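Could you slot chain B onto chain A? The hints should help.
As given, the protein sequences belong to chains A and B, one line each in that order.
Each residue of the first sequence is one higher than the last, beginning at 13 in the numbering used here.
Each residue of the second sequence is one higher than the last, beginning at 83 in the numbering used here.
It is worth saying that the hints were derived from the structure and are not from the lab.
No experiment lies behind these values; they were computed from the predicted model shown.
Hints should not be assumed to be uniformly reliable.
Claimed, not checked - If the Cβ cut is set under 10 Å, some of the chain B residues that face chain A in the computed set are: (1) ARG151; (2) ARG171; (3) ALA175; (4) GLU178.
What the hints assert, rightly or not - Covered stretches of chain A (chain B as the covering partner; in silico rule of three or more C-beta atoms under 8 Å from a C-beta of chain B): (5) 86-99; (6) 112-121.
Idealized CB from N, CA, C, for every residue including glycine.
So you can see what is in the structure, the chains are spelled out below.
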Amino acid sequence: MSKEDLQLLRGTLDMLMLKALADGDLHGYGVVAWIRERTNGQLEIEEGALYTALHRMEGRRWLRSRWGISENNRRAKYYRITAAGRRQLDQEDARWRSYASAVFDVMGSPGE
Amino acid sequence: MTELKETNRVMAALRRVFQFRSMRDDLETELDAEIHEHLRRTREELRATGFSAVDAQREAERRFGNMDRHRLAMRRADLQRGRKARRSRLVSATLESLRYATRCLRASPGVTLTVVATIALGVGANATMFGIIDRLLLSPPEHVVDAEDVVRLHVQRTFLGRLLTGATISYLDYRDFVGIPGLDDVVAVSNVPGGGM
Chain A
13 MSKEDLQLLR GTLDMLMLKA LADGDLHGYG VVAWIRERTN GQLEIEEGAL
63 YTALHRMEGR RWLRSRWGIS ENNRRAKYYR ITAAGRRQLD QEDARWRSYA
113 SAVFDVMGSP GE
Chain B
83 MTELKETNRV MAALRRVFQF RSMRDDLETE LDAEIHEHLR RTREELRATG
133 FSAVDAQREA ERRFGNMDRH RLAMRRADLQ RGRKARRSRL VSATLESLRY
183 ATRCLRASPG VTLTVVATIA LGVGANATMF GIIDRLLLSP PEHVVDAEDV
233 VRLHVQRTFL GRLLTGATIS YLDYRDFVGI PGLDDVVAVS NVPGGGM
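Next up, chain B with everything else stripped away, as it sits in the complex:
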């Protein structure tokens, strides 16, 4: 039953959208009909007081004034009214939908509670995950002035004939590095678990 009501509502909305063009045409037709009827009556009245057909036509047009300008002004007023009406229809339709949604939610509190809990958990989990990703990958580390200058340094050395690669750096290593061209600007070294600088 409610499904049928929903369908009808959607169909009505679609009809409104697609009728827009023809509504505008109707407006033009009505406008012309109204003006023509007025001119016809004025002509008739003038003919009754002894005007010739040609003079009656001319006098009727003179009394009406600048046809193009007045017709445009009338049309503009009509279009504005149409817009206003559509806007108020949209507002009332939205309010009606909201009221309908509230009624539905209130009618089945169990479903409502489940949905609310599901959404709450989903939002919570997503927010938490985003916080972690952001901290690890997206935003620069805190308390570091030039975060883009922080590098991880791996050192290769030969020890007892074997090539060793490591990221552990001692203070003495640091002292050695400072003299090497290109590493003059090294300010600090820190051994984080897994190694680094």
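Chain A with its partners taken away, still in its complex shape:
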């Protein structure tokens, strides 16, 4: 993925990760796997960038982290979305939808 594409993605990356955590706590690997699975691997994002985003969002109090024991009995750092994180997710979600629909209005909806 080129640099410009990543730049475009940075705003939506936070949204995708918050969405991944909206259904329950995950460790970093879980977030990465969730996004890869849902996008069928189409977003080739450096996993390190996802971890950086996790730490950055924790700094913004959208996430909280704690160390726990993973399903295969290893120490793993789990992330949980906060109330502020959910507000941010809703906001980003609404913004993204209106942005996407505006672009679709011009370009035609997918499948048209």
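Showing chain B alone in chain A's frame:
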């Protein structure tokens, strides 16, 4: 009881200060642990799909991207969060101390009144004394343009065979002085109590 509480508070503050270094070390350790755990899981997953150990390692690292750069960015985010947390702790601790002080003062109005009166008198007396000292010694006299040129002149003269020293100057003295080299610039003479010019 309150004394004990105070002591505990001070001890906690000291602990926070001296723990700072080890907090930073913990941060590094946790960061490495998190990254290693991620790489280990990726490797495991890749091995399950038929990668060799070497290829799995290489592929896991490739997927993670530039390790140094990402690790640095994560660390920076963590440090920033730490700073923010410390700042908010400091603010809340200060507010708590202020609230505690207010409660104490309100609980004993007699003592409060005495302290306030004492401080008020002390400040008042000091301000007054400083005003006097300033007027007398520190600031130049008012209404004088070149205050640094004002001198006090003592005159010695012989009168009836006796040497007299005095600071009282008459107008005629002034007329005499004006002709003397070095005193050409004398503009005015004034006899202040105690004498002078």
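Structure-inconsistent hints, enumerated in ascending order: The structure breaks hints 2, 3, 4, 6; every other hint is satisfied.
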